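Residue numbers (numbering that gives the first Met the number 0): 0 to 151.
Wrong hints could be hidden among the right ones.
Mimicking EDC-like on lysine to aspartate or glutamate, the simulated pairs with C-alpha atoms at most 16 Å apart in a straight line are [said to hold, decoys possible]: (1) 109 with 43; (2) 93 with 76; (3) 88 with 48; (4) 109 with 44; (5) 121 with 68; (6) 107 with 43; (7) 147 with 59; (8) 145 with 48; (9) 71 with 48; (10) 145 with 59; (11) 74 with 97; (12) 147 with 86; (13) 93 with 123; (14) 88 with 51; (15) 109 with 123; (16) 71 with 51; (17) 147 with 68; (18) 145 with 76; (19) 147 with 51; (20) 93 with 44; (21) 107 with 97; (22) 88 with 123.
Calculated directly from the structure, the hints in this document are not laboratory data.
The structure presented is a predicted model; accordingly, all values stated were derived computationally and were not measured.
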Amino acid sequence: MKKTFLIVIVLIIASCSSNSNKKPGLNKESLAIVKEYSTSTLIEEKFLEFYELNMLLNSDSKFKKEIGERLKSFKIDTFPILNLPNDSKITNIKQIGETISITDSIKKRKIIFDMVTPNSLKKDSLFAYILSKKIIIDSIEVISNKVKFARY
């Protein structure tokens, strides 16, 4: 019985020591797990986030300052982008035309949508700018994309 116990202990120690040589952190396999977005999906997701933050800012929120700061990260300039009444909804979000390359790291795409209120339906549009930047994480090059909006 003692011999079996000693053999099991030696095997456990040996297996633990072989795993300790692996470097913790990111590697190519773990980066493959990161969700890949198409440009269209990324634009639509960020536009919906931008819309929801605007609606939250219009409500009686205790976090107006924090929401305002977050909204600034979605804008190219300081001009107001969306004028949303409290009872409005955005529907029929569509991206039209091709994505236009402005520079190697900046692309532009037009978004059209319907703003629905209880009394009206209004078509509106924005430009979405996709800003790409190469970053290095644990000696692996990754492209980071941000989306910002501006009036059409």
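Each hint tested on the structure:
1. The straight-line distance between the Cα atoms of residue 109 and residue 43 is roughly 11 Å, inside the 16 Å bound, and the hint therefore holds.
2. For the suggested pair residue 93 and residue 76, the alpha carbons sit about 23 Å apart, so the restraint of at most 16 Å is broken.
3. Our distance criterion of 16 Å between C-alpha atoms is met by residue 88 and residue 48, whose separation comes to about 13 Å.
4. With a C-alpha separation of about 15 Å, the suggested pair residue 109 and residue 44 falls inside the 16 Å cut-off, and the hint holds.
5. Proximity of residue 121 to residue 68 is assessed by CA-CA distance (about 28 Å); at most 16 Å being required, the pair is judged violated.
6. Pair hint residue 107 plus residue 43 holds up; C-alpha atoms about 13 Å apart against a cutoff of 16 Å.
7. At roughly 25 Å between alpha-carbon atoms, residue 147 and residue 59 are farther apart than 16 Å, so this suggested pair is violated.
8. Using a Cα cut-off of 16 Å, the hinted pair residue 145 and residue 48 holds, with the two alpha carbons roughly 13 Å apart.
9. Under the criterion of a C-alpha separation no larger than 16 Å, the hint pairing residue 71 with residue 48 is consistent with the structure, at around 13 Å.
10. Taking the CA atoms of residue 145 and residue 59, the gap is near 28 Å; set against the 16 Å cutoff, the hint is violated.
11. Of the supplied pair hints, the one linking residue 74 and residue 97 is violated, its CA atoms being roughly 21 Å apart against a limit of 16 Å.
12. A threshold of 16 Å between alpha carbons decides the hint, and for residue 147 with residue 86 the separation of about 25 Å lies outside it, so the pair is violated.
13. Note on residue 93 and residue 123: the hinted pairing holds, with a Cα-Cα distance of about 11 Å set against a maximum of 16 Å.
14. Distance hint between residue 88 and residue 51 is fulfilled; the C-alpha atoms sit about 10 Å from each other, no more than 16 Å.
15. For the suggested pair residue 109 and residue 123, the alpha carbons sit about 11 Å apart, so the restraint of at most 16 Å is met.
16. Between residue 71 and residue 51 the CA atoms are separated by roughly 14 Å; this keeps the pair inside 16 Å, and the hint holds.
17. Restraint check: the Cα-Cα separation between residue 147 and residue 68 comes to about 14 Å, which is no more than 16 Å; the hinted pair holds.
18. For the proposed pair residue 145 and residue 76, the alpha carbon gap of about 15 Å is at most 16 Å, so the pair holds.
19. Under the criterion of a C-alpha separation no larger than 16 Å, the hint pairing residue 147 with residue 51 is consistent with the structure, at around 15 Å.
20. In summary, the hint linking residue 93 to residue 44 is supported, as the alpha carbons are separated by about 12 Å, within the 16 Å threshold.
21. Between residue 107 and residue 97 the CA atoms are separated by roughly 9 Å; this keeps the pair inside 16 Å, and the hint holds.
22. Simply put, residue 88 and residue 123 have alpha-carbon atoms about 12 Å apart, close enough for the 16 Å limit, and the pair holds.
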